[in-house]
Amino acid sequence: MSTVGRLVVWSAVVGTAVALALVPRSHERLTTYASVSPRLAAADVVAALALLGACVVGLLLEPARPGLVALALAAAVWTTQDWAGWYDGPQFVATVGVVLAPLLVPLLAHAVLAAARQLRRMRAPLTALYAGAGVVAVLHALFYDPFLDEDCWNTCTIKNVLLVAAQPDLGHRVAAAWLLVTAITGAALVGLVISWTTVATRAAVRLRGPAIVAAMVLGGVLLTQSVARWRRPRVDPRTSLDAGLYLALVVAVVLVAAAWAYGPLLDRWTRRGVAHLVRGLGDAVAAGTVARVIAAATGDPSVRVVYRLPSSGGYADAEGRHVDPPHYGPGALPVLRDGHELAVVLHDPDATGGDAVRSVMGTALMLALDNERLRSEGLAQLADLRASRARVVETGDAERRQLERNLHDGAQQRMLALSFDLRRAVAGARDPEARTVLASAEAESRTALAELRDLAHGIHPAVLEEAGLAPALATLADRAPVPVDVQEDLDGRLPPSVERTAYVVVRDAVAAAAADGSQGVTVTLTEVAGDLVVEVRGAGPGPFRSVEDRVAGAGGHVVVAPDRLRAVIPCAS
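Residue numbers (the working numbering): 169 to 741.
Some hints could be false.
Simulated crosslink set (EDC-like; lysine to aspartate or glutamate; CA at most 20 Å straight-line) [unchecked claim]:
#1 K327 <-> D313
#2 K327 <-> D317
#3 K327 <-> D337
Rather than coming from a laboratory, the hints here were simulated on the basis of the structure.
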């Protein structure tokens, strides 16, 4: 809070205290509500003390909190009704009391909107309300003569020391217009609360509960009082109606003060709660700890923390998953160090303001945030590495598919045509020696064609793409140099990358078994908890470095034992 703001608040607080101490509240003349009965006198003091108490709470705990100046001025203006009814008091003080009285409505509305964190939305209407109250105050000061007001009850003997020219008709029209503005203000407060609670989250409604109740009561009281004054302009505090309306206003004022003071007190309790929550965290911070601590401390379950990745400039969550850049606004609080952004705390702006979140970011929680940020950055880099390996594997598979197609559509077709031509030449040759040479060439071409087909199949079996993993393994077993028994329990096709990886595992394991002189290989394929488990018994000791790299690139892992190989491949596409 600025120096001017502090000066205004302290001046209002001191002025209110002086008014409570000096202005009498009982007199033989009926000039104030407090002069009617001890009950109303006590209610008058309670309302002023409630506003003063809320101001003291704000000054001690959170001087920069929005609405503190309005609350302090409301406390001072509340006592102006006693200034105006100060029968034998200074005329200037009584005049000031009459002039400032209309400001109570916008000041109370300002304070309750600040408590509900709705100042941003209602800035324009609140400014208009202040302007209207200011116009009424100026017109009262210049043209209102209480002596000529037939509806006056507590200011009839006041001499307006600021009066320029008495205009009774203008005074009545101004009073009627202000009643209408007050009624609209009350209805607007009730409507705002109803509309906001229908769209706000449950956490926001729970945290702003005191402000919601205060706004509803204040709005209802302002609306009811305006209607009552419209139907019966003259006030008589001795009647049960007017006394009840005054007590209702006192209750509304107390609720507004309590709702506003609840904010700084909640932040104080929040900071203490965070101290207990982060105590004992140590260096080992589980993913999401910071968000859970802030959510528990502020009561906002929607809190999320995303971390800035210096290497890429992007963002990741606590698990290292890449997320979209946050939309900066009331619901996003950047966490900075030396001008560099470390993280962004995302929260429900209606449930928890940025000040509340900022208040919990103490040293212990910042240490936990640092640890979680480093963990998130490491996990994000690991995820990037895995994605890069997967792209390398995918690129290699794509190149193999293209090479297999080129061999099938190019070299194989030409070799097949050459073999056919040689077969025709053998059939048409008359020279025995030429026939022998041509027959030998035709046999060689058939052998070359078979080897070319095997090469193309080894590079990338077309049956794997067309029919799936099980038929491809059956074909591999038929061509294998050792007996291969394939046992599979798969429910339909798997993602292409998973099928290709599983095929490579079995192919290399069978090749290693053949090189090791194995008598046979048993292949088992099962799906377990979203993973494809490939187990090859009789594969030999390896090494299986290429298989391990391939499976790791798919996000899985390989276990090699003396008599078997086991690969676990995630099936998530």
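Now for the hints, and whether the structure bears them out:
{"no.": "1", "hint": "K327 <-> D313", "in the structure": "holds, 7 Å"}
{"no.": "2", "hint": "K327 <-> D317", "in the structure": "holds, 12 Å"}
{"no.": "3", "hint": "K327 <-> D337", "in the structure": "holds, 18 Å"}
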